[in-house]
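Go ahead and model the full structure; you've got the sequences and the hints to work with.
Under the working numbering, the first residue of the sequence shown is numbered 185, with each subsequent residue one higher.
Check before you lean on any hint, since a few could be wrong.
[Said to hold, decoys possible] The calculated DSSO-like cross-link candidates involving lysine-lysine, where the alpha carbons are at most 30 angstroms apart (straight line), are:
#1 204 <-> 293
#2 204 <-> 191
#3 292 <-> 201
#4 191 <-> 201
#5 292 <-> 204
#6 189 <-> 204
#7 201 <-> 293
#8 293 <-> 344
#9 292 <-> 307
#10 344 <-> 307
#11 204 <-> 301
#12 189 <-> 201
#13 293 <-> 307
Simulated from the structure, these hints should not be mistaken for laboratory data.
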Amino acid sequence: MPEAKTKYDEICLAYRKSRKTFLDYEYLCQVFARDLVDGMIEYFDWPQDQEITYIPLGEELDPNNRFYALSGAMQMDDESFWHFGLELTVQEPGGSYPLPFLMSFFIKKVGPHFIVKLGPQGKEIRIHEDRRGDLTPFYDAVFVQIMSFFARQYQDAVTKGLKEPGFIMLSPTADNL
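Spelled out as structure tokens, the structure:
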């Protein structure tokens with residue numbers, strides 16, 4: 185980088201360095217999030233012909249334009265967590281009664297650890313950057329949450345709507361039947 189000649193140049197150089205650090209951090213979290221989701225989909229043996237949709241959390245969805253790349257769906261909250269929604273669809277045998285549901289993931293990196301929360305109020309799960317290939321316990325925790333949602337919260341979600349967004353909720357696009 186060129187050496188600063190004026191105070192203004194020094195300020196611009198500081199900005200450039202800070203911006204690069206932020207963009208590098210954003211990219212690192214995006215790569216981790218993509219690896220996390222891809223690994224989870226593979227671990228669950230999710231059907232490859234089913235659409236996986238990334239959705240920005242806390243935004244009104246445009247039904248005509250709801251397809252986001254992960255990078256477009258990820259946003260930073262006031263606690264420096266990058267967050268995004270992942271919409272998956274379950275169905276009855278033969279593909280009848282499809283139901284999209286939404287999971288919300290919150291991710292940030294602190295030192296050598298990625299911190300992941302399942303939902304805005306979820307417990308923080310620390311994943312060391314060197315253990316990214318061994319996420320079975322994390323995927324099992326997500327599986328338990330999904331099973332618990334359908335066993336305990338699905339009926340309330342359909343009939344009353346869930347007031348507080350949690351880790352799992354019915355997608356805003358769901359017909360709920």
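Against the structure, the hints:
Distance restraint check for residue 204 and residue 293: the Cα-Cα separation of roughly 16 angstroms lies within the 30 angstroms cut-off, and the hinted pair is therefore satisfied. Pair hint residue 204 plus residue 191 holds up; C-alpha atoms about 20 angstroms apart against a cutoff of 30 angstroms. A hinted pair counts as satisfied when its Cα atoms are at most 30 angstroms apart, and residue 292 with residue 201 qualifies at roughly 20 angstroms. About 15 angstroms separates the Cα atoms of residue 191 and residue 201, which keeps this hinted pair within 30 angstroms; it holds.
The suggested pairing of residue 292 with residue 204 holds, with an alpha-carbon distance near 17 angstroms, which does not exceed 30 angstroms. For a cut-off of 30 angstroms, the pair hint linking residue 189 to residue 204 stands: about 21 angstroms separates their Cα positions. For the proposed pair residue 201 and residue 293, the alpha carbon gap of about 19 angstroms is at most 30 angstroms, so the pair holds. With a C-alpha separation of about 36 angstroms, the suggested pair residue 293 and residue 344 falls outside the 30 angstroms cut-off, and the hint is violated.
Between the alpha carbons of residue 292 and residue 307 the distance comes to roughly 13 angstroms, so the proposed pair stays at or under 30 angstroms and holds. With a C-alpha separation of about 25 angstroms, the suggested pairing of residue 344 with residue 307 holds against the 30 angstroms cut-off. Taking the CA atoms of residue 204 and residue 301, the gap is near 26 angstroms; set against the 30 angstroms cutoff, the hint holds. Proposed proximity of residue 189 and residue 201 is supported: the alpha carbons are some 16 angstroms apart, at most 30 angstroms.
About 15 angstroms separates the Cα atoms of residue 293 and residue 307, which keeps this hinted pair within 30 angstroms; it holds.
Hint violations for this structure: number 8 only, all remaining hints satisfied.
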